[in-house]
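Engineer: Next come the chains, spelled out residue by residue.
There are 2 protein chains.
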Amino acid sequence: MATIRDVAKHAGVSVATVSRVINETGYVHDDTRKKVETAIKALHYTPNEVARSLFKRKSRLIGLLLPDITNPFFPELARGVEDEMQENDFRIIFGNSDENMKKEKEYIQTFVQNNVVGVIASTNHPDTDTYRKLNIPVVFLDRTADNRPSVYADGREGGRIAAQEMVARGSRQITVMQGPKHIRPAQDRFKGAIEALSDQGIAFNVVKTSSFSFTEAGTWAKELFEQHPFTDGVIASNDIVATAVLHEALRLGKNVPDDVQIIGFDDIPLSSLLTPSLTTIRQPAYDMGRAAANLLVRLIDDVNIDNKTIQMPVTFTERDTTRKVNQHG
Amino acid sequence: MATIRDVAKHAGVSVATVSRVINETGYVHDDTRKKVETAIKALHYTPNEVARSLFKRKSRLIGLLLPDITNPFFPELARGVEDEMQENDFRIIFGNSDENMKKEKEYIQTFVQNNVVGVIASTNHPDTDTYRKLNIPVVFLDRTADNRPSVYADGREGGRIAAQEMVARGSRQITVMQGPKHIRPAQDRFKGAIEALSDQGIAFNVVKTSSFSFTEAGTWAKELFEQHPFTDGVIASNDIVATAVLHEALRLGKNVPDDVQIIGFDDIPLSSLLTPSLTTIRQPAYDMGRAAANLLVRLIDDVNIDNKTIQMPVTFTERDTTRKVNQHG
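Sequence lines, in order, name chains A and B. Here full-length UniProt numbering is used: the first residue of the first sequence is 1, the next is one more, and so on. Here full-length UniProt numbering is used: the first residue of the second sequence is 1, the next is one more, and so on.
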């Protein structure tokens with residue numbers, strides 16, 4: 001591969017001159033610039049990004065921290081981030097935090113050591129020094145933090161909608177699954193749901209869960225119907241759990257939605273392929289990823305931005321695990 | 001944040017000495033080394049990875065190129081790669097190729113520009129110059145390439161097993177879904193399945209598909225039952241497509257597995273939560289990712305390795321979309 005020295009030799013100029021042309025760091029005569037550009041083309045020279053980042057003190061790398069890429073909600077987010085970043089010629093260093101503060105801190109630290117120019121993080125701890133003390137732009141994704149840059153969906157509103165739609169469709173023995181306590185969006189949904197049920201004077205049971213893992217979801221679904229056998233409506237903390245609840249309800253010989261209605265959260269790609277297909281509260285994951293990346297790019301470019309907190313809509317996505325509203329409304 | 005200059009001042013030595021200690025690039029007296037180490041600790045100094053990579057000419061970054069993280073098979077692979085890399089203190093630059101050669105080339109190029117020390121790639125084009133001319137280690141994941149380092153599962157054998165198990169369970173009007181032509185593992189599975197069916201003298205139909213996308217999967221499932229209404233067994237090209245076929249079969253009022261048996265490929269996490277749960281050919285995705293990362297780390301460390309091509313087992317994972325063998329065997 002050609003080096004900067006080869007280019008300098010080919011163009012008959014000094015290495016410093018080639019560097020000035022590449023990094024736009026000082027005056028170079030037009031003729032000289034042309035010579036250098038011709039040499040770059042002739043030798044198929046690609047500037048080393050690391051060297052360039054030392055010269056310009058700016059890399060084209062950003063750090064992306066997500067809780068767990070094997071939860072089907074996050075690949076959609078990640079894909080949105082990547083597509084937008086790719087179009088803007090940025091690359092992504094990626095890590096899973098497992099919602100673990102220590103792991104998260106280590107990742108952010110190594111992102112910085114690798115000279116990322118910005119960070120997108122789904123964190124439960126936006127207020128820690130890990131983020132407060134970063135002197136590069138940070139966008140919180142799927143999480144909020146005061147008035148700092150963030151892209152998120154309104155989980156509380158989503159929870160309210162789920163509860164209202166379920167009641168409107170006739171369920172009166174509702175069980176709400178409380179997602180993991182340390183995951184903020186899960187708690188927002190939970191709060192929204194129980195608020196709306198309380199507002200309507202509807203009693204409900206709560207089943208506590210401690211993760212979004214596929215393997216544990218089955219256990220909670222079993223517990224739910226053992227502890228609350230007369231449940232006729234389940235508000236699940238996400239689509240993975242909802243899928244497990246559906247699976248268990250059918251295994252017990254229940255008719256869904258006639259005996260029990262189920263509403264999930266997220267709208268992961270498989271939701272529409274379940275039988276019956278899953279009614280859920282949709283978050284526009286891919287668009288959220290895109291929006292976060294776009295916001296970060298603008299922050300990196302130091303564009304003047306009016307609105308740094310972007311709330312995306314949640315939408316009731318009616319499929320076949322809920323009854324039609326005119327049957328009961 | 002403390003700089004190398006602060007450390008030098010604190011320790012009462014030159015910047016060059018601090019650099020020698022950090023980068024292990026030359027002799028430093030034990031007493032001096034201790035002074036520098038004490039200063040590093042006192043000031044919480046973290047060496048800049050970019051500067052270090054220029055000194056040592058080695059970064060702690062590797063590039064990971066996957067086709068599409070929103071296909072649920074790949075997050076498992078990615079997670080395996082990341083967990084192993086994290087334990088070995090490497091970080092990952094990540095990209096989706098969409099099985100598109102141009103995008104793939106651009107990613108590999110920017111990986112190199114960012115001084116990655118190794119690459120893991122799921123590519124259909126291992127023999128192009130993009131990989132041949134790289135002078136850093138490459139491990140092909142989920143793909144093979146002659147005797148070059150790779151970790152993959154035996155798709156052909158997987159296809160054979162699917163066909164044999166389906167025939168053993170009584171299907172005689174089998175439709176095989178041919179996965180995307182440009183994706184090698186999909187074609188291996190397809191070849192294996194039709195070989196095994198031909199060996200047993202069983203006639204079959206073929207439905208062609210051109211991607212693994214969720215949205216298109218539904219269309220192909222519809223086509224399948226329109227074109228071949230008497231199908232009593234479907235060998236799907238992966239679990240996404242199998243899920244869509246199951247959904248369509250149930251929508252048409254067919255009993256699965258009594259009227260039609262379905263076998264998928266991959267064993268994505270949701271497969272066991274479908275109703276009926278999906279019988280599939282399992283690839284150990286997470287372990288494959290781990291193995292690829294482990295192999296790459298050893299190649300980077302220049303360890304002498306006997307076996308650079310690691311074939312992982314595929315296993316018939318019997319669930320409820322196939323009949324029990326004693327009913328028909």
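The hints are simulated quantities; they were obtained by calculation from the structure and are not laboratory data. Just to be clear, a hint being listed does not mean it is correct.
For identical chains, the list gives no copy identity; a pair is met inside one copy or between any two copies.
[Said to hold, decoys possible] With a straight-line Cα cutoff of 25 Å, these simulated DSS-like cross-link-like pairs (lysine-lysine) come out:
(1) LYS324 - LYS308
(2) LYS41 - LYS105
(3) LYS133 - LYS41
(4) LYS41 - LYS103
Remember, predicted model here, so these are calculated numbers, not experimental data.
Engineer: With identical chains treated as interchangeable, where does the CA-CA distance between LYS41 and LYS105 reach 25 Å or less: within a copy, between copies, both, or neither?
Structural biologist: between (42 Å within a copy, 18 Å between copies)
Engineer: Regarding LYS41 and LYS103, is the shortest C-alpha distance of 25 Å or less found within a copy, between copies, in both, or in neither?
Structural biologist: Between. Shortest inter-copy distance 21 Å satisfies the 25 Å Cα cut-off; intra-copy 43 Å does not.
Engineer: Quick one: LYS133 to LYS41, C-alpha cut-off 25 Å, is that within a copy, between copies, both, or neither?
Structural biologist: The answer is between: 19 Å across copies meets 25 Å, while 42 Å in one copy does not.
Engineer: Given identical chains, is LYS324 near LYS308, meaning Cα to Cα at most 25 Å, within a copy, between copies, both, or neither?
Structural biologist: neither (39 Å within a copy, 57 Å between copies)
Hint 1 from the list above is the single one not met by this structure.
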